[in-house]
Structures are given as C-alpha cells and as structure tokens.
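Peer 1: Each chain, written out:
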Amino acid sequence: MAEMREEIREFILKEFLPGEPAESLTDDVELVSSRILDSLATLKLVTFLEDSYGVEFAAHEVGAEHLDTIDRIVAFVESRKG
Amino acid sequence: MILEYTEEQKSLRETLLKFARQELNDDLESRDREQVFAADLWKKMGEMGIPGLAVSEEYGGGGLDPLSTAIALEALGQGCWDGGLLFSLCAHMLPCAVPIDKFGTEEQKRKYLPGLCDGSLIASNAMTEANTGSDAFAMTTKAEKDGEHYVLTGNKIFITNAPVADLFVAFALTDAEKGFHGGVSCFIVEMDTPGVSCSRKIEKMGIRTSPFGEISFQEARVPAANMLGGEGAGATMFTHSMDWERALLSAIHVGAMERLLETATTYARTRSQFGRPIERYPAIREHVARIKAHLESSRLMVYRSADRLEKSRSVSQDAALSKLFVSEAFVDAAERCIQIHGGYGFTTEYKVERVLRDAIGGKIYSGTSEMMINIVAAWLGMGSGT
Ligand SMILES: Cc1cc2nc3c(=O)[nH]c(=O)nc-3n(C[C@H](O)[C@H](O)[C@H](O)COP(=O)(O)OP(=O)(O)OC[C@H]3O[C@@H](n4cnc5c(N)ncnc54)[C@H](O)[C@@H]3O)c2cc1C
Numbered sequence: 001m002a003e004m005r006e007e008i009r010e011f012i013l014k015e016f017l018p019g020e021p022a023e024s025l026t027d028d029v030e031l032v033s034s035r036i037l038d039s040l041a042t043l044k045l046v047t048f049l050e051d052s053y054g055v056e057f058a059a060h061e062v063g064a065e066h067l068d069t070i071d072r073i074v075a076f077v078e079s080r081k082g
Numbered sequence: 001m002i003l004e005y006t007e008e009q010k011s012l013r014e015t016l017l018k019f020a021r022q023e024l025n026d027d028l029e030s031r032d033r034e035q036v037f038a039a040d041l042w043k044k045m046g047e048m049g050i051p052g053l054a055v056s057e058e059y060g061g062g063g064l065d066p067l068s069t070a071i072a073l074e075a076l077g078q079g080c081w082d083g084g085l086l087f088s089l090c091a092h093m094l095p096c097a098v099p100i101d102k103f104g105t106e107e108q109k110r111k112y113l114p115g116l117c118d119g120s121l122i123a124s125n126a127m128t129e130a131n132t133g134s135d136a137f138a139m140t141t142k143a144e145k146d147g148e149h150y151v152l153t154g155n156k157i158f159i160t161n162a163p164v165a166d167l168f169v170a171f172a173l174t175d176a177e178k179g180f181h182g183g184v185s186c187f188i189v190e191m192d193t194p195g196v197s198c199s200r201k202i203e204k205m206g207i208r209t210s211p212f213g214e215i216s217f218q219e220a221r222v223p224a225a226n227m228l229g230g231e232g233a234g235a236t237m238f239t240h241s242m243d244w245e246r247a248l249l250s251a252i253h254v255g256a257m258e259r260l261l262e263t264a265t266t267y268a269r270t271r272s273q274f275g276r277p278i279e280r281y282p283a284i285r286e287h288v289a290r291i292k293a294h295l296e297s298s299r300l301m302v303y304r305s306a307d308r309l310e311k312s313r314s315v316s317q318d319a320a321l322s323k324l325f326v327s328e329a330f331v332d333a334a335e336r337c338i339q340i341h342g343g344y345g346f347t348t349e350y351k352v353e354r355v356l357r358d359a360i361g362g363k364i365y366s367g368t369s370e371m372m373i374n375i376v377a378a379w380l381g382m383g384s385g386t
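In order, the protein sequences belong to chains A and B.
This note's numbering numbers the first residue of the first sequence as 1 and each following residue consecutively.
This note's numbering numbers the first residue of the second sequence as 1 and each following residue consecutively.
Keep in mind the hints are simulated off the structure, nothing from the lab.
No experiment lies behind these values; they were computed from the predicted model shown.
For every residue, glycine included, the Cβ atom is placed at its ideal position computed from N, Cα and C.
Among the hints, erroneous ones may be present.
[Stated by the list, open to error] Derived DSBU-like pairs: lysine-lysine, alpha-carbon spacing no greater than 30 angstroms straight-line:
#1 Lys351/B with Lys81/A
#2 Lys102/B with Lys311/B
#3 Lys14/A with Lys311/B
#4 Lys145/B with Lys178/B
#5 Lys81/A with Lys14/A
#6 Lys351/B with Lys18/B
#7 Lys18/B with Lys81/A
#8 Lys102/B with Lys44/B
#9 Lys14/A with Lys178/B
#10 Lys10/B with Lys102/B
#11 Lys81/A with Lys44/B
[What the hints assert, rightly or not] So the derived list for chain A, only partly shown, Cβ under 7 angstroms to chain B, looks like this:
#12 Ser34
#13 Ile36
#14 Ser39
#15 Ala59
[Unchecked claim] Simulated DEER-style distance windows between Cβ atoms:
#16 Asp71/A with Glu262/B: 53 to 61 angstroms
#17 Lys81/A with Leu3/B: 35 to 43 angstroms
#18 Gly19/A with Glu7/B: 51 to 59 angstroms
#19 Glu58/B with Glu23/A: 53 to 61 angstroms
#20 Ser34/A with Glu310/B: 29 to 37 angstroms
Input sequences plus hints: build the corresponding full structure.
Peer 2: Right under this line is the structure:
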C-alpha cells in the first residue's frame with residue numbers, strides 16, 4: 001500500500017507538477033480544487049490507476065469524492081482491489 | 001491490429017457500399033440547397049438496421065464491434081454523397097444509442113434501443129451552450145432533484161438532429177461546485193416532455209442536409225429513472241461519446257476520401273487539355289497521389305483508434321489524433337479534387353464543392369482541431385494547455 005501511494009505521488013508529480021519538490025505533494029493536498037487535476041489530467045490519472053492496479057472506475061465514480069487527494073485515491077483503489 | 005478484413009467484414013462492406021450507392025444519393029443537390037433532412041432515406045437506413053449497427057443484438061442492434069463499425073461507416077461514406085445524412089446518422093448512433101447501450105439501465109435499453117436501432121426514433125446529443133463550446137463543462141444548464149424527477153433548465157446550441165429528434169441525451173449540472181469532477185450528469189430527455197422545445201433551426205455552410213438547432217429546457221421535469229450512468233457520471237459519459245465520435249465519424253471521412261479519389265482519377269483520365277489527358281501532367285498527378293497518401297494514412301489511424309475503443313481509456317489520445325489528422329486530410333483532399341476539376345469543380349453541378357463545404361465542419365464539431373492538439377499534447381505529458 002505504501003508502495004502504491006508513492007507510485008501515485010510520483011505519477012502526479014511527473015505528469016502534472018513537473019519540477020515541484022515531492023514534499024509539496026502531501027497526502028491531503030486537494031488536487032481538484034487546486035486545479036492540479038483538470039479534465040484531461042483526471043482522465044490520464046484514471047487511465048494510469050486502471051492500467052496499473054487492475055481496477056475499474058464506474059462512470060459516476062470519476063469525481064472529486066475518489067480523486068481529490070492521494071489519501072482518497074489510495075483508499076478507493078484499495079477498496080476495489082479487495 | 002489486423003490489416004485484412006474477415007469474411008464478415010468483407011461482406012458487410014460490400015453490402016453497405018452497394019446499398020449506399022443505390023439508395024442514398026437521391027435528389028441531393030436540391031436537398032442541400034434547401035437544407036432538407038431526407039426522412040425517406042433515414043427510413044431506408046432504418047430498414048437495414050444501420051442506425052443501430054454498433055448496438056447489442058439483444059436490443060435490436062447489429063452487434064458490431066467498433067472496428068467493424070468503422071468498416072461499415074467507411075463503406076457508407078464511400079457510397080453516399082450526402083455527408084449531412086451520414087453526419088446525422090453518426091450523431092444519432094455514436095453519442096446517443098451507443099452510450100444508452102453501454103451505460104443504460106435494463107429498463108432504458110428496452111424502452112429506447114429498439115426504436116433507435118430501426119430508426120423509428122431519432123436521437124440527438126446536447127452538450128454545447130452559447131457560451132461554452134470547447135470549455136463544455138463550464139455549462140450553466142442545471143438539473144435539480146425534485147422527488148422522483150430532475151428539473152432541467154437551460155439552453156443548448158448547435159445540436160445536431162434537434163429539429164427532428166424524438167429524444168436527447170442531454171448534459172446538465174447536478175452539482176455546480178463539482179463541475180467536471182462529479183457535478184455533471186446525463187439524462188435521456190424525450191422531446192415531448194413539457195418545457196422542452198427546439199427553438200431555432202440554424203442555417204449552416206456544409207452538411208446542410210443534417211438539421212441542427214437550439215433547444216431549450218424550461219423547467220422540464222425528467223424522471224429520475226431517465227438519468228444515464230448515475231449521478232455525476234457526465235464526464236465519463238461525455239468522454240466515452242467523444243472517443244466514439246472522433247474515432248468513428250472519421251471513418252465516414254475515410255470513405256468520402258476514397259470516393260473523392262475515384263472521382264478525381266476518373267476526371268483526370270477523361271479531361272483533356274493541350275491535346276492530352278490532364279492525368280499526364282505532374283502537378284495533377286501530385287494532387288492525386290497526395291489524396292491517396294492521406295486516404296491510406298487516415299484509414300490506418302481510424303482502424304487503430306476504432307480497434308482500441310473499449311480497450312483502454314487512453315484511446316482518447318488515439319481518437320483525438322485520428323480526428324485531428326483525418327478531418328484536415330479530408331479538407332485537403334476535397335480542395336485538391338476541386339482543383340483537378342478546374343472551373344467545373346467550382347460549380348454546384350459537379351458535387352465536389354459540396355464535399356469541401358461538408359468537410360470543413362469536421363475541424364470544428366466533436367472538438368475543434370485546436371482542442372485535439374491540446375489533448376494530444378496533454379497525453380504526451382505537456383499539460384492541458386488551458
Ligand atoms: C456542424 C456542427 C455540429 C455540431 N453538433 C453538435 C451536437 O450535436 N451536440 C453538441 O453538443 N454540440 C455540437 N456542436 C458544437 C461543437 O461541439 C462546438 O462548436 C465546438 O466544440 C466548438 O465550440 P464553440 O463553437 O463554442 O467554439 P469555441 O470553444 O468558442 O472556440 C473558438 C475558437 O477558439 C479555439 N479555442 C478554444 N479553447 C481553446 C484552447 N484551450 N486552446 C486553443 N484553442 C482554443 C477553438 O479551437 C476555436 O478555434 C456542433 C458544431 C458544429 C459546427
């Protein structure tokens with residue numbers, strides 16, 4: 001789980017926050033309201049999560065509720081992995 | 001990725017090409033001039049099950065996979081000169097019938113799909129608003145929950161098929177604060193719902209036989225059972241629809257380019273100037289060769305993105321890439337075809353000028369070329385550009 005958390009952090013930093021220090025992206029940074037995740041970034045992140053962890057987001061699950069912070073993302077992916 | 005058709009794909013292609021050539025070209029010049037949607041040709045397509053080609057068989061569809069759907073649409077595009085009619089077909093099937101099939105409840109599928117597949121119902125996808133086109137999720141149309149209904153209020157513009165539609169697949173805000181991230185929902189709205197009206201038919205430059213218009217929802221009460229994909233599913237639904245539209249509408253353009261190539265080569269062979277057929281002149285040969293190069297690359301891109309639909313969300317990149325390339329290749333091919341025809345090509349009698357007018361819209365609808373560039377760049381890791 002810790003490994004997954006770091007992979008997700010690394011992906012977000014690399015894709016959407018190039019050049020930002022890793023420390024600035026803590027587990028509770030709000031990705032949606034801070035506009036780090038705009039529409040295209042969100043789709044890329046969801047694709048990454050689905051491809052990397054074999055989970056599937058239902059149509060209504062692609063939203064702030066499951067994607068707003070690294071904590072929420074990890075919780076959602078964990079709950080789906082069973 | 002296959003490069004050879006299966007036996008079924010071959011016979012599908014032949015049947016639809018023949019059908020389109022024989023049945024779908026009546027009276028086009030005057031219909032284009034008068035902006036008339038061909039209800040009779042739509043009916044003929046319905047009898048063949050064409051409006052439901054990509055829908056599951058159990059609900060009356062053809063059950064084709066996306067690649068076979070691309071091959072079918074390409075054949076129609078090759079055989080039929082009526083770009084507007086085929087655009088209406090795609091606007092009906094790709095962002096309406098297909099999402100109902102993929103995301104609808106059993107009840108929604110049973111109620112709407114058989115009619116959508118046999119063409120007795122016409123559907124229309126309603127997203128764009130007067131102030132929100134490329135930035136579609138900044139919409140203002142809202143849907144407020146009231147008991148077992150949602151009350152829709154707002155206006156949508158440039159809605160293909162609206163003047164002839166029986167139902168809309170419409171997007172509205174169910175939570176303005178969340179916006180793209182779970183705040184937009186999708187509804188199946190029947191045209192005869194009180195408060196729904198098509199307020200204006202809009203004239204346009206090309207694809208004129210495909211009607212489009214402005215629709216208005218004035219406190220239209222839509223049953224909660226008509227929500228498609230669950231509350232907040234709008235972003236996924238719309239992305240899915242756009243992927244399908246970008247990948248598969250382009251198949252029509254590939255077919256049309258094949259038709260342009262046939263027209264161009266035939267004319268170049270039969271038209272003589274300076275005592276020789278113009279096909280001998282290098283400048284003319286270059287036009288033809290470039291149309292062919294565009295056609296073949298477009299076909300490969302369309303087949304590839306069609307084949308990847310439903311396999312990964314990253315198909316959004318392939319679909320955007322092929323939409324960007326094919327729509328521009330189509331405009332280029334139409335211009336070259338007119339050029340080969342000289343003065344005759346510029347007249348309305350020679351039908352190639354209409355293809356150019358039809359083609360230009362391809363760089364705007366389903367997301368503009370500029371937005372396709374943003375999507376491709378974002379997938380290449382360059383940020384969203386907004
Ligand atoms: C023939 C036709 C049929 C249509 N059918 C439908 C339909 O059935 N349903 C529906 O909902 N809509 C439909 N539309 C609407 C269509 O989707 C929009 O017109 C399109 O998305 C562009 O929006 P807009 O017209 O508001 O232009 P704008 O978004 O205002 O764009 C104006 C210009 O700015 C550029 N631009 C905007 N943002 C950016 C950016 N971030 N980066 C770079 N450039 C940018 C655009 O590319 C364009 O060149 C249709 C349109 C046409 C022409």
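Peer 1: Compare the structure with each hint and give your call.
Peer 2: Here is what the structure says about each hint:
1. Lys351/B with Lys81/A: 57 angstroms, violated
2. Lys102/B with Lys311/B: 14 angstroms, holds
3. Lys14/A with Lys311/B: 25 angstroms, holds
4. Lys145/B with Lys178/B: 16 angstroms, holds
5. Lys81/A with Lys14/A: 24 angstroms, holds
6. Lys351/B with Lys18/B: 20 angstroms, holds
7. Lys18/B with Lys81/A: At roughly 50 angstroms apart (the allowed maximum being 30 angstroms), Lys81/A and Lys18/B break the hint.
8. Lys102/B with Lys44/B: 26 angstroms, holds
9. Lys14/A with Lys178/B: 25 angstroms, holds
10. Lys10/B with Lys102/B: Roughly 26 angstroms between the alpha carbons, so the hint for Lys10/B and Lys102/B holds.
11. Lys81/A with Lys44/B: 48 angstroms, violated
12. Ser34: Because about 12 angstroms separates Ser34/A from the closest Cβ in chain B, which is outside the 7 angstroms limit, the hint is violated.
13. Ile36: Status violated, d = 11 angstroms.
14. Ser39: For Ser39/A, the interface hint holds, since the closest Cβ of chain B sits about 5 angstroms away, which is under 7 angstroms.
15. Ala59: Hint holds; Ala59/A Cβ to chain B Cβ min 4 angstroms, cut 7 angstroms.
16. Asp71/A with Glu262/B: 53 to 61 angstroms: 60 angstroms, holds
17. Lys81/A with Leu3/B: 35 to 43 angstroms: 38 angstroms, holds
18. Gly19/A with Glu7/B: 51 to 59 angstroms: With Cβ atoms ~55 angstroms apart, the hint holds.
19. Glu58/B with Glu23/A: 53 to 61 angstroms: With a Cβ separation near 54 angstroms, Glu58/B and Glu23/A satisfy 53 to 61 angstroms, so the hint holds.
20. Ser34/A with Glu310/B: 29 to 37 angstroms: Holds: the Cβ-Cβ distance is about 33 angstroms, inside 29 to 37 angstroms.
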